[in-house]
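**Q** So the chains spell out like this:
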Amino acid sequence: QQQVKQSPQSLIVQKGGISIINCAYENTAFDYFPWYQQFPGKGPALLIAIRPDVSEKKEGRFTISFNKSAKQFSLHIMDSQPGDSATYFCAASMGSATNKLIFGTGTLLAVQP
Amino acid sequence: NAGVTQTPKFRVLKTGQSMTLLCAQDMNHEYMYWYRQDPGMGLRLIHYSVGEGTTAKGEVPDGYNVSRLKKQNFLLGLESAAPSQTSVYFCASSLRLQGTYGYTFGSGTRLTVV
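Protein chains in written order, with the numbering used here: chain A, 1 to 113; chain B, 1 to 114.
Accuracy of the hints is not assured; some may be wrong.
As the list claims (entries may be wrong) - Heads up, simulated DSS-like pairs for lysine-lysine below, C-alpha to C-alpha not over 30 Å straight-line:
no.: 1; chain 1: B; residue 1: Lys9; chain 2: A; residue 2: Lys100
no.: 2; chain 1: B; residue 1: Lys9; chain 2: A; residue 2: Lys68
no.: 3; chain 1: B; residue 1: Lys71; chain 2: A; residue 2: Lys100
no.: 4; chain 1: A; residue 1: Lys71; chain 2: B; residue 2: Lys57
no.: 5; chain 1: A; residue 1: Lys71; chain 2: B; residue 2: Lys9
no.: 6; chain 1: A; residue 1: Lys100; chain 2: A; residue 2: Lys57
no.: 7; chain 1: B; residue 1: Lys57; chain 2: A; residue 2: Lys5
no.: 8; chain 1: A; residue 1: Lys100; chain 2: B; residue 2: Lys57
no.: 9; chain 1: A; residue 1: Lys42; chain 2: B; residue 2: Lys9
Note that these hints are calculated values from the structure, not bench results.
Model the full assembly from the supplied sequences, consistent with the hints where possible.
**A** See the structure below:
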């Protein structure tokens with residue numbers, strides 16, 4: 001199963017709050033899990049990525065939590081800011097033979113001031 | 001350093017017309033990809049290439065063709081456009097070892113087929 005299921009479809013958070021976006025996958029051959037951020041009218045840009053040999057990765061206010069046994073991973077945005085308002089995509093790929101990414105359906109995040 | 005450049009940015013086609021979308025990257029990336037983005041469906045892979053002269057089908061290849069005659073360019077062709085191909089098309093490139101850098105995306109081509 002190649003799908004990556006992402007939820008919620010949209011999210012509204014108050015400034016300073018925590019934004020949490022969840023993804024689930026079926027294919028245990030996936031070995032690379034990135035999150036991309038997309039602003040209106042722009043292409044997606046890599047935000048943060050994790051491999052399954054670690055359970056958490058933190059870069060500034062952004063953290064990926066990874067649960068290999070549950071085949072789930074999530075993005076946490078701490079101290080959410082209006083500038084974080086964007087669409088977020090989780091993705092997964094396996095191996096470096098093609099680097100093909102399978103993307104989730106996206107989450108539209110709105111951070112209210 | 002321009003990164004990934006897509007042309008054109010916008011296009012309106014009539015059903016049955018053909019067109020070619022051009023993607024150019026100046027980062028010497030080995031791999032290149034074409035995705036389409038539709039509301040509620042995320043990004044879906046159309047075709048990809050792992051090197052000059054090679055192409056392969058992705059999730060949704062029907063109605064599209066591609067060519068990669070030069071390492072830096074990846075062309076997406078629509079031979080006979082259909083309204084179902086109305087979408088935003090993104091080109092991306094990556095190093096073979098994706099690692100820290102991931103994909104570099106272009107800014108997209110918004111295509112409307114009427």
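**Q** All hints, please: hold or fail.
**A** Right, here's what the structure says about each hint:
1. Lys9/B <-> Lys100/A: holds (24 Å)
2. Lys9/B <-> Lys68/A: The given pair, whose Cα atoms are some 40 Å apart, is violated under the 30 Å limit.
3. Lys71/B <-> Lys100/A: holds (18 Å)
4. Lys71/A <-> Lys57/B: Distance of about 27 Å is within 30 Å: holds.
5. Lys71/A <-> Lys9/B: violated (38 Å)
6. Lys100/A <-> Lys57/A: holds (22 Å)
7. Lys57/B <-> Lys5/A: holds (22 Å)
8. Lys100/A <-> Lys57/B: holds (11 Å)
9. Lys42/A <-> Lys9/B: Holds, at about 11 Å.
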